[in-house]
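Number of protein chains: 2
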Amino acid sequence: MPPAPPLLLRHPLSLLLLRGPRTPPPLLRRVPSFSPPPPLVLLRQQRCLCVASAQLAGPVVAPGAGVDEAVAGFVTGKRKATEVAHAVWRSIVRKGDTVVDATCGNGNDTFALLKMVADETGRGRVYGMDIQDAAIDSTSSFLKMAVDSQEMELVKLFPICHSRMEEIVPKDSLVRLVAFNLGYLPGGDKTIVTVPKTTELALQAASRIVSSGGLISILVYIGHLGGRDELAIVESFASSLPVDTWVSCKFEMINRPVAPVLVLLHKK
Amino acid sequence: MPPAPPLLLRHPLSLLLLRGPRTPPPLLRRVPSFSPPPPLVLLRQQRCLCVASAQLAGPVVAPGAGVDEAVAGFVTGKRKATEVAHAVWRSIVRKGDTVVDATCGNGNDTFALLKMVADETGRGRVYGMDIQDAAIDSTSSFLKMAVDSQEMELVKLFPICHSRMEEIVPKDSLVRLVAFNLGYLPGGDKTIVTVPKTTELALQAASRIVSSGGLISILVYIGHLGGRDELAIVESFASSLPVDTWVSCKFEMINRPVAPVLVLLHKK
Chain A
1 MPPAPPLLLR HPLSLLLLRG PRTPPPLLRR VPSFSPPPPL VLLRQQRCLC VASAQLAGPV
61 VAPGAGVDEA VAGFVTGKRK ATEVAHAVWR SIVRKGDTVV DATCGNGNDT FALLKMVADE
121 TGRGRVYGMD IQDAAIDSTS SFLKMAVDSQ EMELVKLFPI CHSRMEEIVP KDSLVRLVAF
181 NLGYLPGGDK TIVTVPKTTE LALQAASRIV SSGGLISILV YIGHLGGRDE LAIVESFASS
241 LPVDTWVSCK FEMINRPVAP VLVLLHKK
Chain B
1 MPPAPPLLLR HPLSLLLLRG PRTPPPLLRR VPSFSPPPPL VLLRQQRCLC VASAQLAGPV
61 VAPGAGVDEA VAGFVTGKRK ATEVAHAVWR SIVRKGDTVV DATCGNGNDT FALLKMVADE
121 TGRGRVYGMD IQDAAIDSTS SFLKMAVDSQ EMELVKLFPI CHSRMEEIVP KDSLVRLVAF
181 NLGYLPGGDK TIVTVPKTTE LALQAASRIV SSGGLISILV YIGHLGGRDE LAIVESFASS
241 LPVDTWVSCK FEMINRPVAP VLVLLHKK
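For the record, the sequence lines run as chains A and B.
Just so you know, we're using UniProt numbering here: the first sequence kicks off at 1 and counts up by one.
Just so you know, we're using UniProt numbering here: the second sequence kicks off at 1 and counts up by one.
Derived by calculation from the structure, the hints in this document are not laboratory data.
Hints may contain errors.
Stated by the list, open to error - List time: in silico DSS-like cross-link candidates among lysine-lysine, alpha-carbon distance up to 30 Å:
id, chain 1, residue 1, chain 2, residue 2
1, A, Lys268, B, Lys80
2, B, Lys80, A, Lys78
3, A, Lys80, B, Lys78
4, A, Lys267, B, Lys80
5, B, Lys115, A, Lys78
6, A, Lys267, B, Lys78
7, B, Lys78, A, Lys95
8, B, Lys95, A, Lys80
9, B, Lys267, A, Lys80
10, B, Lys156, B, Lys190
Working from the sequences, and respecting the hints, build out all of it.
Pasting the structure below:
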């Protein structure tokens, strides 16, 4: 008997998963064809990973960590760039908002975002995507163990390239945040990485869907082959945004050459 | 009759001003000769600037602005890098600390630092310096109008190059913060700027005198000729600091090419 589907997939809406043919994970992310979007395919079964969610997810940022503590900790080496990112998100995202996790990975950010938007009104939405099936599985398994069924209903997960986010986020959504973690899946195959071409397309898409007052957050891991090339693309995109409608800023460690770099793009 | 000396200079300790011969302000900062320090010269009279201190000092950061508000404001374009710097200083500097303003300018930072260290014990100290006489005059005039005489006693101002800070800060001091504002004197002669060579020496000096748990804060203005060269020197110095004893990080706007860049160096 196949394993029971994860809790996430028991909700009807969660079955709206875009999924292409089951091929081995590509080395490079797929480049959108710009042909009409492929039809939605209902996924009725999902492999359940047999690892503990805590192991999958890594450390979770303390829910109460503010920008204050995170940045002072970042400056003194006690907190990571990802904690600064989460703290800034918390200062911008409100309950009931629609947000996008463009690179679910192991679900750490998806979980953090869900906690920021979820409330009893059920208006909040987290649209998560990752081109790797393993990442969607991992995120789904983690959330299943970490949140209740009501919160789970607010999350929509899609195994697609982040450059295709406009195909899954409803057109009338006021998107407050699009979050990227660029690099490889922690604990996964390090040869499968996000790549500059689709990342650039994804950033362009994010800049179109994020609403005024919203944020695009990009944490770029640069310790792997090609990581610096991807950072160059992100910086080029960020610096090209018009100053009258965007604030583009960058936080980085400069005596740790492979430390991740945080780029934050605020739409005025 | 000459104008009365500013209040700052009425205190005996404040008369310990290092002053070289009255020559026109140099285009380049003086390079230390590494000969024995020149003898202290008592300055008995100081030109009093006939401009309002508010005009001299520019906007003063709200005393209560925390890192939280400052960074969230920086990301959304509502607050400046200098406000992030001040907020981070506040998270590190304690009452009674010894701090250094390596580039007094118009006294804005000197004032902010004084407010951070001053209390009724009178232990706090702010050592301020600037190679331009006009900057020391401006700072002195501003402080005279902005703080009381007890606080004024905690400030020691010296018209010397920042590369010579070790000559004025007592050797047994536990220095919590050394602050730099690199560029030109706001409202002053824009052809007189800090330059890479002495800035590098000043950073080296700062790294020797700052205590464990302390911070070197460098706000680099890059909109003038040579500004980018100076930033390159600062980044080179920051990135060369050993990762086991220093945390070097950088905050910058990347779609505003001439926006100042904030570099923070924390000694573990």
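If you check each hint against the structure, which ones fail? none
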